[in-house]
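Participant: Protein chains in written order, with our numbering: chain W, 1 to 314; chain S, 1 to 314; chain R, 1 to 349; chain A, 1 to 349.
Since the hints were made in silico from the structure, they are not lab data.
Please read all numbers here as calculations on a predicted model, not as lab measurements.
Any given hint might turn out to be false.
Claimed, not checked - Each computed DSS-like pair below joins lysine-lysine, with the alpha-carbon atoms no more than 30 Å apart: (1) K259(S) with K41(A); (2) K288(R) with K56(A); (3) K8(S) with K130(S); (4) K260(R) with K260(A); (5) K288(R) with K130(S); (6) K228(W) with K288(A); (7) K252(S) with K260(A).
As the list claims (entries may be wrong) - Chain W residues, not near chain A, derived (Cβ > 12 Å throughout): (8) E83; (9) M235; (10) E253; (11) V286.
Built from N, CA and C at the ideal position, the CB exists for glycine as well.
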Amino acid sequence: MKNQFDIKKAYYLFLLIRKSEEKIIELYNSDKIKSPVHLSIGQEAIAVGVSLALSKSDIIFSNYRGHAHFIAREANLDKMWAELYGKSRGTARGKGGSMHLNDISKNFMPTSAIVTSAIPEAVGYAFALKYKKKNSVVICYHGEGATDEGVFWESLNFASLHDLPIIFICENNRYAIYSHQNTRSINDPIVSRAISFGIDAERISGNSTEEFFKATIRCKEKIKNNSKPQLLECMTSRWQDHVGVTQPELSKEEENNIKKAIKHDDLKNLENKLSKDEVLHIKKRVNKEIEHAIKFAEASDFPRSSELLENVYY
Amino acid sequence: MKNQFDIKKAYYLFLLIRKSEEKIIELYNSDKIKSPVHLSIGQEAIAVGVSLALSKSDIIFSNYRGHAHFIAREANLDKMWAELYGKSRGTARGKGGSMHLNDISKNFMPTSAIVTSAIPEAVGYAFALKYKKKNSVVICYHGEGATDEGVFWESLNFASLHDLPIIFICENNRYAIYSHQNTRSINDPIVSRAISFGIDAERISGNSTEEFFKATIRCKEKIKNNSKPQLLECMTSRWQDHVGVTQPELSKEEENNIKKAIKHDDLKNLENKLSKDEVLHIKKRVNKEIEHAIKFAEASDFPRSSELLENVYY
Amino acid sequence: MDKNLEKKVINYGEAIYEATYQEMQRDNNVFAYGLGADDPKGHYGTTKDLHLKFGKNRCFDTPLSEDGMTGVGIGAAMAGLRPIFIHQRMDFLLLCMNQIVNMASKMRYISSGEHCVPLVIRVAIGRSWGQGAQHSQALQSFFMHIPGLKVIAPTTPHDAKGGLIASIRDNNPVIYIEHRMLYKNAGYVPTNSFEIEIGKGRVLKDGNDITIVGVSHTVEDSLRASELLKSVGVNAEVIDPISLSPIDYEIIRNSVMKTKKLLVVDNGWTRCGFSSEIITDVAINCEKITCERLGFADCPCPTTPSLEKHFYPNPSSIAKLANRMCGGNIDWSPPEVVQHEILSFKGPF
Amino acid sequence: MDKNLEKKVINYGEAIYEATYQEMQRDNNVFAYGLGADDPKGHYGTTKDLHLKFGKNRCFDTPLSEDGMTGVGIGAAMAGLRPIFIHQRMDFLLLCMNQIVNMASKMRYISSGEHCVPLVIRVAIGRSWGQGAQHSQALQSFFMHIPGLKVIAPTTPHDAKGGLIASIRDNNPVIYIEHRMLYKNAGYVPTNSFEIEIGKGRVLKDGNDITIVGVSHTVEDSLRASELLKSVGVNAEVIDPISLSPIDYEIIRNSVMKTKKLLVVDNGWTRCGFSSEIITDVAINCEKITCERLGFADCPCPTTPSLEKHFYPNPSSIAKLANRMCGGNIDWSPPEVVQHEILSFKGPF
Ligand SMILES: Cc1ncc(C[n+]2csc(CCOP(=O)(O)OP(=O)(O)O)c2C)c(N)n1
Ligand SMILES: Cc1ncc(C[n+]2csc(CCOP(=O)(O)OP(=O)(O)O)c2C)c(N)n1
Ligand SMILES: [Mg+2]
Ligand SMILES: [Mg+2]
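Model the full structure from these sequences, guided by the hints.
Facilitator: So this is what it looks like as structure tokens:
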């Protein structure tokens, strides 16, 4: 982690996510991918900005929409692809799929398909960090929909009660599947609610990688100084359907919002700040890495049937 | 319901609660009462003040600490006592006990022993009132401890989303069993949290029957005008142990608080506003009613064993 | 059954829709809610456009608050409404256990009959196509365990419709279990409103050699297995219990008295499951019956198809075990039967 | 068992305390938390003053947030701590089902062994003295149903201590079930730290005529019933399974091969319960065994003592049924046995 925003790295990670997701779309109907996928296209800036602000020892909790968080954390892309293919060299030897990625070498915890369920665990992990007097922080990514669940507020309450080192990253794309946030709560309340639960909370608009980076740096600093848990409500939008690779059925208004967002795609903004050569170099690298990952996945075997009953118990 | 505070009636109900609870203490160790009891002594002003502000058609949801709410609603005292005795003429024919009182003729709903569990039901009932275009409101009594549960916030969110006719009466006695509120959340946050969930919320200090009455009237008016759900945080204290009739093990500080509260006992304040004759008359009436209830309970039979399997299904 | 009614071939999803639509039409107190209840896909069409037809107070979306929303349904039911609470996956019921078990199931008892909770909780069981550990559980035994709850799991479109109408009209909380792999199942269904009796099972195929009892989608697989078994001369009787609580013990006892062999194929884990309940009843009440059970493998459900195919019982694993129980060749390998509904399933996820 | 260890007579509650204390001493990663964990009464003394001895980060009270607090325990366990999460009543676990079933039980599987969840969830079952419908449930079958969880329910102080230490050291989530009516039970317990093997049952009394299997407090009642049965010449074998998942099927099978009769006395409802699991295993694996079961009546628990006494199995109802199974006089009315622990129970509530 440096306090300086590294545009090249940001562009590289952003592109790696975008291209991976696009590759998934391309391959999806071939039935090679054995797992439903929740794509992150449109929301990558958050994962990239946040991840660039982290140290190796920081801990990541994410969710079923976790590809961007996984890749931005520089977790093992080969294994991620093998997992999507249901293969034994996958992050969970094919037993988890896209919704349950993990990479322990990067402190990327197994993700859950049940909304909000990993949030109290993230808080528990932060509790353990404090208990053991470690300096790391926990990053807890979640959607705005996750804040509808009561356990979200139980988690925030406990985090604030114990001053735990945790940053909640609320990715507010306004939707839970097809439900707009307004149909689930009034007054756009996430920041005000979080504050009432004793959390330092701030909204970051603009869907800019660099702004998310800076905000995360600020949070980490605040945690160091006053050890209060933090929440960033990161405004963004999801350009694909909730799940799978079909096109979403959108209202005119939402269609326009997404068009606008696409016009301001931060990937282009980052690209514009780099030289042609740099861009070309990164593009090549990204393509190569994705090709490599797909080859890795293709070459891997499916797990043997005896694995069915393995790892139920320790 | 009248908008005028009826001191005589307030004193009568208050005394009826106090004397009933004291009678329970007196009888408890005789093993006639077959049910654990959570006494309301110290908190009666809330139940009395709120109840005097209600109409017949309003709906009450309470909890395991429900004697005061039940009596203040002028629900059937004979049946309550029979229920405490485990007898077949009890409110639940002896199958519910103190923690599951109900009186459908007074719209007093069955109470629950699981903290917070009746709160979403109160909200659901309010939903039904709106659905059926009724004018009544739901009163939902609960402790401050109940606000620790996530489902409390789910309930408030839904109530505010649908503008439901409900008044949450938070009886803040600072304790959940032996846990002080400060060990469960920071910054004394109930009102601010409720507001962030879209609820009109206000704190009422002073433990005064009349103030609780006035506040409830205000809430009912606001519901009529803007149909927003309301919350009153009613500051109070519980003078007995959490459950049973033992004396609580208290810190010096809390002991002093309770001493102070006893000195300002609103029962005495009410009494002081009445003539000697009036007081005497009410005292007599209260004693008679309690005696009657106890006789009723004593005279009732235990349920027949065949009742064991009755009323499991409709 | 329903001899004089006009019938039409519709599928399971349409049957659920029809039941809901007709009941909402009949009774203003019926309303349907849940995550995505009014979304464009309308839960496999089962709630499609109900919000447009009946207004958004009678069919509405909710916040992601399963626990609270269950309580809301209970409270509304106590006030005289008849809510249908819809879940995209049965796994989400784990968030609602307190309300269902501590509140709904006991409301009548703790008020000695003063209150009742006519709430229907519709839950879909998922499987396959990578649904994995958290999106494929079938937890019927939890609800069967609890007095005060009714549980039904219809298999045919006929019973899906008649069962849902009966559930809506029932004054008790009913867990109505549907299986995603059944939505496309077609069959004759009366066009008018009708109820099946909750608590009665159905013999779907007569036979003398062995009794096979399935649950929900495994009834389908048991029927397929019975086809396989014909080729080895085994004539299986296949029973669809339809109602899991109350259970029609009689229909099963009567069948096993005849066949002397019982194979229960659960659509769920076996330990303390539906299958243990059925076998136990038979072990206690019938003499000299050979019993076996099949169900989910004793592990969470893996996503990869290479393992998932060993996780579930299937027509050929059912047939193989049934044949062995009937003294058949233990080396018999029944052919794999194509389960079209599973292969063709591509969502909506 | 533990032949060479120094032993002392202590009660069940003290055994739990001793196990916790010794483990907290041994391993800094062990901590205990839950509602009232540090309150003056310390959960029947089982956590008494631990916050003073080990500091308040190692024994602490929580907000009333059972769901969230379970997740906190899981997360802390994933980070290498060994939490003991304590509940005053098993009924409250209904609020935690999502975390226990969807998260804790599957964490290892969905990460193919990268993670484990060494979390102990201690839960007390209540009964009598008006605890009623919501404070007396015994939901062991829910947890037994789920692969990935271990479940134990010790009866003796010895097994309470050795079982808790084993649970704390186990790398899987363990549901540790204690019964409020057992806290005062006294018995010899090694003073030093020791583990029992999770998954092994124990024959508490040898006999040839019938096998009686209890669970938690009904093991006590089964022993009492076996005393009653002596008077009619029936020599019962009483088995304490101790571990409910994994289950020691062998010890039960071996016993019933000898006695040919099995009576399972559950401390919970019977449908899809512990008793159905045990009887089913025997029905499948052993020949010609007569089976019966007892358990909670098929209703919520009433508060009034006049009905509650019919809700639970008791020594004389157990003895009566066992005697009938052994061909004894069906009109035999065994005397009522005084259950001191129940009569004398007056809280803390
Ligand atoms: C407890 C629970 N309820 C419902 C679902 C179904 N579901 C899956 S994703 C999702 C939307 C969640 O929205 P949000 O938290 O905003 O995240 P996003 O998908 O927008 O990233 C829903 C409702 C679920 N998986 N878990
Ligand atoms: C879900 C749940 N958790 C814990 C308990 C145990 N318990 C019973 S009452 C109580 C205290 C609740 O405090 P509060 O809501 O403030 O109400 P008060 O008792 O002070 O009136 C607790 C923790 C319970 N009954 N239900
Ligand atoms: Mg969203
Ligand atoms: Mg309180």
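Participant: Now look at each hint and say whether the structure bears it out.
Facilitator: How the hints compare with the structure:
no. : hint                 : verdict
1   : K259(S) with K41(A)  : holds (24 Å)
2   : K288(R) with K56(A)  : violated (60 Å)
3   : K8(S) with K130(S)   : violated (34 Å)
4   : K260(R) with K260(A) : holds (20 Å)
5   : K288(R) with K130(S) : violated (59 Å)
6   : K228(W) with K288(A) : violated (66 Å)
7   : K252(S) with K260(A) : violated (64 Å)
8   : E83                  : violated (10 Å)
9   : M235                 : holds (26 Å)
10  : E253                 : holds (34 Å)
11  : V286                 : holds (27 Å)
Consistency with the previously given hints fails for numbers 2, 3, 5, 6, 7, 8, ordered from lowest to highest.
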